[in-house]
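Visitor: Listed below are the residues making up each chain.
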Amino acid sequence: MPIKRKPHLSATFALLPTWLVAVVVFIGTMAWSIRLSFTNSTLFPSSTYVGLAQYVKLFSSAKWLASLQNVLIFGVLYVAGCLLLGFLLAAALDRKIRFESAFRTIFLYPYAMSFVVTGLIWQWMLNPTLGIQASVRSLGWETFVLDWVVNRDMAIYALVLAGVWQGAGLVMVIALAGMRGIEAEQWKAARIDGIPVWRIYVSIILPQLGPALAAAGMLLAMGVIKTYDIVVAMTNGGPGNSTEVPAKFIMDNLFGRQNLGLATAGATVLVLGVIIAVAPFRYAIYMRNRAKGVA
Amino acid sequence: MARSHPNGPRPTQITAGRIGLYAFLFIAALFFLLPLYTMVVTSLKTMDEIRLGRIFALPETLDFSAWITAWSGACMGTTCVGIRTGFWNSVAITVPSVALSVFVGAVNGYALSLWRPRWANVLFGLLMAGGLIPYQIFLYPMVRAMANVSLYNSLAGIILVHVIFGLPLVTLLFRNYFVSVPEELCKAARVDGAGFWRIFFEIMLPIAVPMVVVVSMLQFTGIWNDFLLGLVFAGRDNLPMTVQLNNIVNTTMGERNYNVNMAATILTAIVPLVIYFLSGRWFVRGIAAGAVKG
Numbered sequence: 001m002p003i004k005r006k007p008h009l010s011a012t013f014a015l016l017p018t019w020l021v022a023v024v025v026f027i028g029t030m031a032w033s034i035r036l037s038f039t040n041s042t043l044f045p046s047s048t049y050v051g052l053a054q055y056v057k058l059f060s061s062a063k064w065l066a067s068l069q070n071v072l073i074f075g076v077l078y079v080a081g082c083l084l085l086g087f088l089l090a091a092a093l094d095r096k097i098r099f100e101s102a103f104r105t106i107f108l109y110p111y112a113m114s115f116v117v118t119g120l121i122w123q124w125m126l127n128p129t130l131g132i133q134a135s136v137r138s139l140g141w142e143t144f145v146l147d148w149v150v151n152r153d154m155a156i157y158a159l160v161l162a163g164v165w166q167g168a169g170l171v172m173v174i175a176l177a178g179m180r181g182i183e184a185e186q187w188k189a190a191r192i193d194g195i196p197v198w199r200i201y202v203s204i205i206l207p208q209l210g211p212a213l214a215a216a217g218m219l220l221a222m223g224v225i226k227t228y229d230i231v232v233a234m235t236n237g238g239p240g241n242s243t244e245v246p247a248k249f250i251m252d253n254l255f256g257r258q259n260l261g262l263a264t265a266g267a268t269v270l271v272l273g274v275i276i277a278v279a280p281f282r283y284a285i286y287m288r289n290r291a292k293g294v295a
Numbered sequence: 001m002a003r004s005h006p007n008g009p010r011p012t013q014i015t016a017g018r019i020g021l022y023a024f025l026f027i028a029a030l031f032f033l034l035p036l037y038t039m040v041v042t043s044l045k046t047m048d049e050i051r052l053g054r055i056f057a058l059p060e061t062l063d064f065s066a067w068i069t070a071w072s073g074a075c076m077g078t079t080c081v082g083i084r085t086g087f088w089n090s091v092a093i094t095v096p097s098v099a100l101s102v103f104v105g106a107v108n109g110y111a112l113s114l115w116r117p118r119w120a121n122v123l124f125g126l127l128m129a130g131g132l133i134p135y136q137i138f139l140y141p142m143v144r145a146m147a148n149v150s151l152y153n154s155l156a157g158i159i160l161v162h163v164i165f166g167l168p169l170v171t172l173l174f175r176n177y178f179v180s181v182p183e184e185l186c187k188a189a190r191v192d193g194a195g196f197w198r199i200f201f202e203i204m205l206p207i208a209v210p211m212v213v214v215v216s217m218l219q220f221t222g223i224w225n226d227f228l229l230g231l232v233f234a235g236r237d238n239l240p241m242t243v244q245l246n247n248i249v250n251t252t253m254g255e256r257n258y259n260v261n262m263a264a265t266i267l268t269a270i271v272p273l274v275i276y277f278l279s280g281r282w283f284v285r286g287i288a289a290g291a292v293k294g
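Taken in sequence, the protein lines are chains Y and F. So for the first sequence, the numbering used here puts the first residue at 1; every next one is plus one. So for the second sequence, the numbering used here puts the first residue at 1; every next one is plus one.
Honestly, the hints are just simulated from the structure, not real lab data. Among the hints, a few may not be true.
Distance windows between CB atoms, simulated [claimed, not checked]:
#1 Y:F255 x F:V209: 23 to 31 angstroms
#2 Y:D193 x F:I270: 47 to 55 angstroms
#3 F:F64 x Y:G238: 32 to 40 angstroms
#4 Y:N236 x F:E184: 25 to 33 angstroms
Just so it is clear, the structure is predicted and the values come from calculations on it, not from any experiment. Note that the Cβ used here is the ideal one computed from N, Cα and C, for glycine as well.
Produce the entire structure from the sequences given, and follow the hints as far as they go.
Guide: Structure below.
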């Protein structure tokens, strides 16, 4: 092709701003942050290196350790809850249901709302003096307790409840799309063999939805690591440290407590966490593609 | 064969299983709708009525004063101007951010998939990695860098930040879309002497209109719902609605006006909700497209 060289220049040129973003923002600022995590920076960046001191301080901070534990509990329950409820909803909607599209609309609408809105709604619903607890008690069940948002031991589950309410619809959409892609012949064959419907879903449909559900799970898990807004809106980390999360710890130290070194150390740990979480998935996909010969 | 509907005739017999199925669906629907219902009825009550502690009861009389207060009189700290400034700030932030990021993302996707200049795969890999990494690691250096060029705490600054952090997803979606466009189309146009930009504006962009719609909706709801970036980069005069809503609800002194809080919450949620209810399948398509990474 004689005209090949010149047009490629425009393509390269068109990608320049994106190169700039990738190199300066994604690599440059990350390197800067990681560098800061090895210094004794507080309000302003300092260039006095202190080795791993900030990391030592980080992992001896009760708040940080609590936030790690919280995000783990929240993450596991939130992802599992969304996957389970989403799959069940999709399976139910796949059973030739009346008003299917109305149901689908209802299950998905929370996903369109922000975490701040989600957090505030559930904070109000779970309000112990005026919320669900008060209503149930006024019906005559005087000892009913639903004080999750103000209860140290239960606050994290309040976040899970709100999170699943918001995110289950996403899994439902993805799972339902997967179910609709399954060949009608498989259904016929399984029915002729007399396999009960629930077994078809568990043993035949579920394995085929594996990749789609894994993608949805990944998407939700990435959200877990970034969890911030919903906590700020719903509990602001309390009561005590019971709903502190790493992203919030970092933000507080970055902008509230002027503790740059500690905050960037926390952020670096968070990035490492993402890499550790994503690497096996990427590796599996890479190996699978290579096995198929399409790498 | 892909189905958009279940197969076969609708079952006519009523069995225990069918009843259980519908019971599950109705209970689930109740769980999903209850918060919305609660929000709406709370916003229409007076504080005296709310203090009775019947959160699910219908309001005795429809009282819209909480809505008016939420829009134009609710207090954030000592300023009591309601959430309307946040609403207009969010509009001013979201509209240009969406337009810019969709344009840049479309050009990226087109260049990466149909022209494949040198290092294209490296750039794409960098973008995807950038999209996975938590924002916290970028924030402080970005604040400093933007302060140096006077973009920190400005409308232009927050728009730029949204465009930057939107790039990975938007580029991915357009790249995946343009990959399915037959390469011959591009080659033929090049033989006819059309250049990079002409092919983009006259052939590719018109083809990609459905993707433009999907991505715009995804970006619109995403940016409208953003809290973190607005909080850090927008500055006091441009705080988006989500940040102002949180300030109204969580930083008030004295008694909380739950009716005003809920009205403000609905007002903040209403824009993405309207988009969702009007666009239905498009929204679903956007989510599905965004989910199939990997």
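Visitor: Each of the hints needs a verdict: does it hold here or not?
Guide: Hint-by-hint comparison with the structure:
1. Y:F255 x F:V209: 23 to 31 angstroms: violated, 41 angstroms
2. Y:D193 x F:I270: 47 to 55 angstroms: holds, 50 angstroms
3. F:F64 x Y:G238: 32 to 40 angstroms: holds, 33 angstroms
4. Y:N236 x F:E184: 25 to 33 angstroms: violated, 57 angstroms
In this structure, the earlier hints numbered 1, 4 are contradicted, and the remaining ones agree with it.
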